[in-house]
Amino acid sequence: MTPLTGTDFYRYFQCPHWPYWERFGDLEDRRELSMSEEKRILGGLEHEKEVVAGLGEYSVLSIEYSGPGFEKTLELMKEGVPLIYQGWLVDGEWVGRPDLLQKQKGESIFGDWYYSPMDIKRAHELKKEHKAQLTFYSVLLERIQKRFPRHPAIINADHQCLMFDASECISEFTSVKESLERIRAGEMPEPVYRKACEDVSPWGKACLRLAQERHDIALLFNVDVKKLRSLRDLGVRTVEDAAELDPLSLEGQAPGLTLKALQAIQRQARSLKDQLVVIREPFIDPTEGLEIHFDIESHPPTDTDYLYGFWMDGRYISFVAEQPEDEHRMWRAFLAWLSTLPEEYTVYHYANYELSRLPILAGRYGDLGHPLLEKFRSRMVDVKEIVRDHVVFPLHFYSLKAIGKFLGFSWGEGGVQGGGESVDVFDEWRKTGDRKLLESIIRYNQYDVEATAFLLQWLRTYAQEERSYSAPYPW
Numbered sequence: 392m393t394p395l396t397g398t399d400f401y402r403y404f405q406c407p408h409w410p411y412w413e414r415f416g417d418l419e420d421r422r423e424l425s426m427s428e429e430k431r432i433l434g435g436l437e438h439e440k441e442v443v444a445g446l447g448e449y450s451v452l453s454i455e456y457s458g459p460g461f462e463k464t465l466e467l468m469k470e471g472v473p474l475i476y477q478g479w480l481v482d483g484e485w486v487g488r489p490d491l492l493q494k495q496k497g498e499s500i501f502g503d504w505y506y507s508p509m510d511i512k513r514a515h516e517l518k519k520e521h522k523a524q525l526t527f528y529s530v531l532l533e534r535i536q537k538r539f540p541r542h543p544a545i546i547n548a549d550h551q552c553l554m555f556d557a558s559e560c561i562s563e564f565t566s567v568k569e570s571l572e573r574i575r576a577g578e579m580p581e582p583v584y585r586k587a588c589e590d591v592s593p594w595g596k597a598c599l600r601l602a603q604e605r606h607d608i609a610l611l612f613n614v615d616v617k618k619l620r621s622l623r624d625l626g627v628r629t630v631e632d633a634a635e636l637d638p639l640s641l642e643g644q645a646p647g648l649t650l651k652a653l654q655a656i657q658r659q660a661r662s663l664k665d666q667l668v669v670i671r672e673p674f675i676d677p678t679e680g681l682e683i684h685f686d687i688e689s690h691p692p693t694d695t696d697y698l699y700g701f702w703m704d705g706r707y708i709s710f711v712a713e714q715p716e717d718e719h720r721m722w723r724a725f726l727a728w729l730s731t732l733p734e735e736y737t738v739y740h741y742a743n744y745e746l747s748r749l750p751i752l753a754g755r756y757g758d759l760g761h762p763l764l765e766k767f768r769s770r771m772v773d774v775k776e777i778v779r780d781h782v783v784f785p786l787h788f789y790s791l792k793a794i795g796k797f798l799g800f801s802w803g804e805g806g807v808q809g810g811g812e813s814v815d816v817f818d819e820w821r822k823t824g825d826r827k828l829l830e831s832i833i834r835y836n837q838y839d840v841e842a843t844a845f846l847l848q849w850l851r852t853y854a855q856e857e858r859s860y861s862a863p864y865p866w
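Each residue of the sequence shown is one higher than the last, beginning at 392 in my numbering.
Simulated from the structure, these hints should not be mistaken for lab results.
The structure presented is a predicted model; accordingly, all values stated were derived computationally and were not measured.
Heads up, a few of these hints could be off.
Within a straight-line C-alpha distance of at most 25 Å, the following computed DSS-like cross-link-like pairs (lysine-lysine) qualify [what the hints assert, rightly or not]:
| id | residue 1 | residue 2 |
| --- | --- | --- |
| 1 | K463 | K519 |
| 2 | K568 | K537 |
| 3 | K617 | K651 |
Restraint-style ranges between C-beta atoms, simulated for each label pair [to be verified]:
| id | residue 1 | residue 2 | range |
| --- | --- | --- | --- |
| 4 | G705 | A576 | 57 to 63 Å |
| 5 | E635 | E563 | 31 to 37 Å |
| 6 | E559 | S730 | 43 to 49 Å |
No residue lacks a Cβ here, since even glycine has one placed at the ideal position from N, Cα and C.
Can you build the whole structure from these sequences, using the hints too?
Right, here's the structure in full:
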């Protein structure tokens, strides 16, 4: 069998089938990943070595094979070097390669020191997949050095060291580890189909086909893995089963199966089964003053924002950082522009990204609490939340692209078609200086803000009363 690795844990949290398909899947189903996408998937940062250098003296392992790599890592650990970059950990069929192994005070087989794992991530907070990976490395280290390092950490995109207590994660780690061991032995997980299967994993095609072949409840939007498992245990396995379930009889039969959750699952199943668009409750327009639509384009490898785009009064406005080092200048121009806005305005965005990024840049450039920025953020309205509260679409995902295309909006032919592609094109622009590449990203951003306005107008037109629409739809 192929070894169990830290990457398996990351992949499992994105898509439980990913570790399975990598071992047993048909390569015809595997989407090709670009180099920058590979880097994003692994959480890599362009300035990773700069981050490491800021931690002090370190030793680098450039060995790309686990056997000799572990031998060399073990030598360095026995010597007590302060920091090991890209070391290897091996015990039986478990193989790990944390970004860093940091020397700590405390007894181990090496003497009065031991090593604790650290990973460098572009995220700003610890995520469950980070904890699972690092707990795996901690367990491996316990086997090797006879000392469990309780406080592994990530160094995030802001160069902050975020530690956690790995002993508190052992229960979930053990559960995931057991699932992964069954996968290694050839057991295929039950169907799961979520946005990460398409956007992060390269195996979305295989996940979708598996769910469709079985008409599985995995096809339903916003039903997490725990609810899927609980529903299957109760005999609800297909979309048809979910459409006919009795929410009152199943309420409270398993954690998370509340009456509200079951009713939402049933609505989504009926919508998907019969291709119905259901207006759950009338849409009440919250717009006050000028209507603005907002979308951000970011470059994850450098953790920078490079494009803020706005659609207002039928025109497009953008602020662009042509290189990552221009981000501060773009940010200052954006803040200056806020002073030109009228007293009353409403800012629409789709999903939480824009709202979460603004405080990050404000903190980066000393603008937390900036009165104009705080006013701007207080006027932000998430159209995705409006959609989820008011409409049921016969779709697997409620992304702006999925809903926009379903309703007839077009992002144009031949240009940038997605956020991941925009990152690749931005990388190519940085290498070549071909302005057509940068212009294609700006055009893509304009489509996104126009799509947000298009969706809001659809709500104003078609979501004014409780009703259902069946094909052929009036739009």
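For the pair E559 and S730, does the Cβ-Cβ distance stay inside 43 to 49 Å?
holds (47 Å)
For the pair supplied as a hint, K617 and K651, is the alpha-carbon distance within the 25 Å limit?
holds (16 Å)
Holds or violated: K568 and K537, Cα atoms, limit 25 Å.
Holds, at about 20 Å.
Run the distance test for K463 versus K519: straight-line Cα separation, threshold 25 Å.
Distance of about 30 Å is beyond 25 Å: violated.
57 to 63 Å was suggested as the range; check whether the CB atoms of G705 and A576 agree with it.
Holds, at about 59 Å.
Range first: 31 to 37 Å. Now tell me if the beta carbons of E635 and E563 are that far apart.
holds (34 Å)
In this structure, the one hint that does not hold is number 1.
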